[in-house]
Amino acid sequence: MKKIVLILLLIPIILISYDANKEFDRANDLYNSGQYDDAAKIYNTLIDSGYKNAIIYYNLGNAYYRLDKMPQAILYYERAKKLEPMNEDILFNLKLANLKIVDKFEPLPKIFFIEWYDTLLEIGNSDSWSIVFIVFIWLTIISLYLTFWTNFSYLIKKRLFFISIIFFVISILTILLTFRTYYKEKYDKNAIIFSPSVYVKSSPDNNATDLFILHEGTKVQLLDHINDWYEVKVQNGNVGWIQKNHFEEI
Amino acid sequence: MKKIALHIILLISFFRIYAQEVEFVASVDKNPVPVGERISVTFTINADASNFKGPSFKGFTVLGGPMQGQSIQVINNRMTRSLSFTYILKADKVGKYTIEPATIVSGGQTYKSNSIQVEVLPESDVQKQKRLQEEEKEKSLTEQANEILKKNIKLQVEVSKRNVYVGEQLTASYKLYINPQLNPIQMNPKKIPTFEGFWTQDLGIDKLNWSREVLDGVTFNVATIKQVVLFPQRTGRLVLDPYEFEFVVRLRVEGQRKRSGSIFDDFFDNPFFSDSYRDFNYIAKSEALSINVNNLPDGAPSSYGGAVGNFNFEANLDKNKVKAGEPLSLKVKISGSGNLKLIDPPKVNFPPGFEVYDPKITDNSTITLTGTSGSINYEYIAIPRNSGEFKIEPIKFSYFDLSRQQYKELTSQEYLVTVEKGDNNQIGNIITGVRKEEVELIGKDIRFIKLKTNKLEKNPKPFFGSIYFWLWSVTPFIFLLFLIIYRRKKLSEAQEMLHFRTRKATKLAKKRLNIAKKYLKSNQNDKFYEEINKALWGYISDKLLIPTSDLTKENVKNILQSKEVSENIINKFLDTLDLTEFARYAPSSNQVAAQDIYHKAIDVISEIEGEVKL
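Protein chains in written order, with my numbering: chain A, 1 to 250; chain B, 1 to 614.
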C-alpha cells in the first residue's frame with residue numbers, strides 16, 4: 001500500500017522534471033536563434049518555478065549579456081558562481097561582463113595568509129567542501145583499518161598510520177572550511193546595483209550627505225539594514241547606505 | 001755683380017735700421033713729488049712693440065692709464081718710431097718708492113725698462129692750506145646746493161590706506177614737486193620700488209601732467225609720476241620701499257672773489273666771468289611707508305577662496321538633460337568690486353563619472369584708483385560618461401565683506417541632470433579603468449551557453465546539512481567504533497589463549513614426560529625418545545608462543561636469547577634435543593643413556609621455567 005502511494009507521488013515529479021528539461025532545451029534553441037529575450041523569459045520561468053542550477057543561471061546570464069543588460073547578466077553569473085565557484089566558463093563571462101560596467105574598484109590589499117584563506121573560501125562552496133571532507137574522513141578510516149586490522153609489515157603499518165593522521169588533519173580542516181563557507185553563504189549577503197547610478201549616503205536618510213556614487217552592475221556587500229535602507233560595502237572598503245530598490249540580492 | 005752689391009748694401013741698411021739698439025725707458029715728469037700730487041710715468045720704446053705689461057705701482061694710486069702714444073721722428077734721414085705708455089699716478093704717502101720695471105715684447109724679444117725711485121715729499125703748508133680750502137669750499141657748495149634742492153625738489157608718496165586686510169585693495173601714488181624756478185637738466189628714475197608682498201597693477205602714466213600746487217607756502221610744479229594699485233598678499237608690516245629719482249640741476253654759483261670787495265676783483269666779478277653755472281647731482285627719495293596688513297578674521301567658510309570686497313554671484317547650467325558623451329556647460333559669474341583678479345575659481349563638485357575640464361576664465365574687470373570692479377566669468381565644461389540621474393551640488397562662493405567686516409557665503413541652487421544613454425558609437429561606451437590583467441579580455445566574447453544539464457530538480461536542497469551528508473560523515477565513525485569493539489573482544493580472547501598456553505606448557509611437558517617414563521620402563525626406546533622430543537618441542541612452542549611453522553632450533557635459540565635466558569641453559573636445551581633426535585634414529589642405545597636423557601629433559605625444562613618470564 002505504502003509503495004503505491006510513493007510511486008503515485010513520484011510520477012508527477014518525474015513528469016515535471018521531464019518537462020523542465022524540455023523547456024530548458026527550448027530556451028537554448030531560442031538563444032541559438034538569437035531570440036535572447038524569449039530565451040531569458042523561459043529561463044526565468046524555470047527559475048521561478050524552482051528549477052535552479054548553475055547552468056540555468058549561467059545561460060540566463062548569457063542571454064542578458066546579449067541583451068546588453070549588464071546588471072542582470074552579472075547577477076545571474078554571480079548566482080551561478082555561488083553554486084559552482086570553480087566553473088571556468090562562469091568566471092570568464094563574469095569577468096567580461098564586469099568589464100562593461102562603470103565602476104571599477106581596486107580591491108583593498110590583504111595580508112597574504114588572509115588572501116589564501118579567502119581564496120579557499122572562494123574556490124568551493126559548502127557543498128563541495130563537505131564532499132571533500134567526506135572523502136578525507138573515509139580515507140582516514142580506511143587507512144586506520146589497514147593499519148590495525150591487517151598483517152602488513154611493521155614499516156608499512158607505520159607509514160599507513162602516518163598517512164591516516166594526515167588524512168584526519170585534512171578532514172578536520174575541510175569540515176572547518178565547510179562550516180565557514182556555509183555561514184558565509186547564509187549570512188554574508190551580496191548584491192548587484194541595478195539603478196543606473198545611485199548616491200551612497202552617509203546614514204539611512206534621504207537627506208544625508210552623499211558619500212560616493214555607484215553605477216549599475218557593481219557588486220556590493222550588504223552589512224546591515226534598517227527598514228528598506230541597507231548598509232553596503234564596496235570592494236575598495238567604502239561603506240554607506242542605499243535603499244533596497246537600487247539593488248538585487250545575489 | 002753690380003746687382004749683388006746693391007742687394008748687400010740694401011741688406012746692410014736694413015740691418016742698420018733693425019740693429020739700432022732697442023731702448024725701453026721709464027721716466028717720470030717730476031721727482032720728487034709732494035704727497036697728494038699727481039705724477040705721470042711714461043714708458044717709451046723706440047721700436048714696434050706689443051704686449052706691454054705695466055708694473056704694480058706700490059705706494060701710488062693709479063688715476064689713469066696706460067695711455068698709449070706713438071711718435072715718429074726723423075733725424076738725419078733716420079726714422080725713429082717710438083711707442084709710449086703713460087700712467088697718471090697720485091702719491092699716497094710720504095717716503096721713497098720704487099716704480100718697478102715694465103715689460104714689453106719687440107721683435108720676439110722681451111724688454112724690461114729701468115726702475116725709478118721716486119721720492120714723495122711731505123706737503124708744504126701753503127699747498128695744504130690751499131687744498132683744504134678748496135675742499136672746504138667744494139663741500140659747502142654741494143651742501144648749499146643740496147639744501148636748496150631739498151627745499152625745491154620733493155618726491156612724495158600717498159597711499160589710500162595704511163591699515164588693510166589681506167587682499168584689500170589700496171593705491172599708492174608718487175608725486176614729484178619741483179620749484180618752477182629750478183632748472184633740472186636731467187631727471188631719471190634711479191630706483192623703482194618693488195612692492196614686495198603685494199600683487200600690483202600699475203596704472204600706467206603716459207604723460208606727466210604738470211599742475212601747480214602750494215606746499216608750505218611755496219608754489220610747486222606737481223606731477224604724478226607713478227600710480228599703482230596694490231593687493232597685499234601676506235600679513236604683517238609690508239614696506240613700500242622709497243622711490244629714488246636722480247636729477248641733474250644747473251645752479252648759478254656766485255663768484256669766488258665777490259666778498260673780497262677789491263676793485264681788481266670787481267673787474268673780474270663781472271657776472272660774465274665770475275658767476276658760473278654748475279651742475280649738481282641730486283637724488284630725491286620718497287619716504288618708505290609701512291603698511292599694516294591684517295589677517296582676515298577666523299571662521300572663513302570652507303568655500304572661501306581669497307575674495308575681499310563686495311560681490312555678487314550667479315551660476316547657470318545650460319541644460320538639465322543631456323546624452324552621455326555630450327558636454328554640459330556651467331557658467332559661474334562673479335561680479336562686484338574687490339580683488340576680482342585674485343579670486344580662486346569656485347569649486348564645482350561634478351558627480352563622479354563626469355569628465356571635468358579646467359574652467360575657462362573670462363576677465364571683464366577694470367582696475368581704477370577707486371578699486372577693481374567688473375566681473376569674472378568661469379565656464380566649467382563637464383562631459384557625463386554614464387547615464388543616470390545626477391546631482392551637481394550647490395556651488396558656493398564666499399567673500400570677506402569689508403564694510404561689514406565679516407564673511408558672506410553665497411550659494412547657488414542644486415542642479416539635477418538627467419543623462420540619457422548615449423549613442424552606441426559614442427565615447428560614452430568606452431571601457432574605462434581597465435586593470436592590466438583585464439586588458440587581454442577586451443574585444444573577446446563571452447563563452448557559449450551550456451546545452452546539457454542534469455535532470456532538473458525542483459528546489460534542489462544543498463548537500464551540506466542534508467541527511468546524506470550526515471550519513472556519509474557519521475558512518476565511518478560508526479564503522480570505526482565497531483572495529484574497535486571487535487578488536488577489543490578479539491584481543492582479550494587471544495590474550496587469554498596465550499596465558500592458557502603458557503600455563504599449560506609445563507603441565508603438558510610433565511604429562512609427556514610421564515608417558516615417556518612409562519615407555520622407558522617398558523623398554524620401548526624409540527617411543528620413549530619420540531615422546532621426550534615432543535615434550536621438549538611442545539614445551540618450548542607453548543612457552544615461547546612460537547607458531548609450529550616457525551619451530552626451528554635457530555628460531556628457538558634467538559627467542560631464548562632475546563628473553564635473556566643464559567647461554568648455558570640454551571645450549572643444554574639444544575643438546576638434549578639433539579640427543580633425543582640422535583638416539584631416535586640410532587637403535588643401539590642403552591637404558592642408561594635413556595635414563596640420562598630423561599633426567600636432562602626434566603632439568604632443562606625446570607631451568608627454562610625458572611628463567612623465562614612472561
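These aren't lab readings, by the way, just hints derived from the structure by calculation. Remember, predicted model here, so these are calculated numbers, not experimental data. Every residue, glycine too, gets a C-beta built ideally from N, C-alpha and C. Heads up, some of the hints might be wrong.
Stated by the list, open to error - If you only want the chain B side, here are some residues facing chain A, beta carbon under 7 Å, derived:
#1 Ser387
#2 Phe464
#3 Tyr468
#4 Trp470
#5 Ser473
Structure-based check of all given hints:
no. : hint   : verdict
1   : Ser387 : 5 Å, holds
2   : Phe464 : 4 Å, holds
3   : Tyr468 : 9 Å, violated
4   : Trp470 : 10 Å, violated
5   : Ser473 : 5 Å, holds
Of the numbered hints given earlier, the model fails hints 3 and 4; all others are met.
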